[in-house]
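K.L.:
Each chain is listed here by its residues.
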Amino acid sequence: SQQGEEDPQALSIQEGENATMNCSYKTSINNLQWYRQNSGRGLVHLILIRSNEREKHSGRLRVTLDTSKKSSSLLITASRAADTASYFCATDGGTYKYIFGTGTRLKVLA
Amino acid sequence: DSGVTQTPKHLITATGQRVTLRCSPRSGDLSVYWYQQSLDQGLQFLIQYYNGEERAKGNILERFSAQQFPDLHSELNLSSLELGDSALYFCASSVGVGTNTGELFFGEGSRLTVL
Chain A
1 SQQGEEDPQA
11 LSIQEGENAT
21 MNCSYKTSIN
31 NLQWYRQNSG
41 RGLVHLILIR
51 SNEREKHSGR
61 LRVTLDTSKK
71 SSSLLITASR
81 AADTASYFCA
91 TDGGTYKYIF
101 GTGTRLKVLA
Chain B
1001 DSGVTQTPKH
1011 LITATGQRVT
1021 LRCSPRSGDL
1031 SVYWYQQSLD
1041 QGLQFLIQYY
1051 NGEERAKGNI
1061 LERFSAQQFP
1071 DLHSELNLSS
1081 LELGDSALYF
1091 CASSVGVGTN
1101 TGELFFGEGS
1111 RLTVL
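Those protein sequences? They're chains A and B, same order as listed.
For the first sequence, position 100 (counting from the first letter as 1) is numbered 100 according to this note's numbering, and the numbering increases by one without interruption.
Count along the second sequence from 1, then add 1000; that gives the number in this note's numbering.
Do not take every clue at face value.
Stated by the list, open to error - Under 8 Å between C-beta atoms, here's a sample of chain A residues computed to sit facing chain B: (1) Ser39; (2) Arg41; (3) Phe100.
Unchecked claim - Stretches of chain B that chain A covers, calculated by requiring three or more beta carbons in the stretch to come under 8 Å of a beta carbon on chain A: (4) 1048-1062; (5) 1101-1115.
These aren't lab readings, by the way, just hints derived from the structure by calculation.
What you are looking at is a predicted structure, and each value in this text was computed from that prediction instead of being measured.
Positions of the beta carbon are idealized from the N, C-alpha and C atoms, including for glycine.
With the hints as extra help, turn the sequences into a complete structure.
P.N.:
Here is the structure:
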């Protein structure tokens, strides 16, 4: 079973709008990561947040982590057509495994 | 370019056959991970190696096996192939393991089609 589950499964927004996607996980973690995948390509790391951190920023990305709710959110501000991709969260579940969620398919309309 | 190399990029074979997928991790990375991604699905964790030793196993079928060699490259062997094995197979690498894993670097994947 998946450790992480993203919500929503799909999201369609206009260029310039903000996009928010959420990730829920089941067990305790050491860190949580977000990745991006363009269609059929390899995944690219976006940001890592450790279990003792609550918020992290990287450019137009903002990630929050709530370990009490076992959830994280990824906010992309001022979205661009080039942000169109699938976004995955990944958690280590306190083990050596890195388990990925089912992903959120983001479509940014120009 | 992530620095992770996977070969072949595309592979078409028949049911019942056996294939080997190869992965060369990023220079300096000791951990290698294998994932399977079926059409429009998430990534299913298969197996992880660290410096030649198996460290974690996911829902890897008994028909599948993997190993990491002394030069740190890894191979994923898929045998008695079935139609449902058609998928993208990704390899990823990282410097460390466990709590020191950090970022995973992904290859571009090997697309397997079983006819």
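K.L.:
Taking the hints in turn, state whether each one holds.
P.N.:
The hints, checked one at a time:
no.	hint	result
1	Ser39	10 Å, violated
2	Arg41	6 Å, holds
3	Phe100	4 Å, holds
4	1048-1062	holds (count 5)
5	1101-1115	holds (count 10)
Violated hint for the displayed structure: number 1, the only one.
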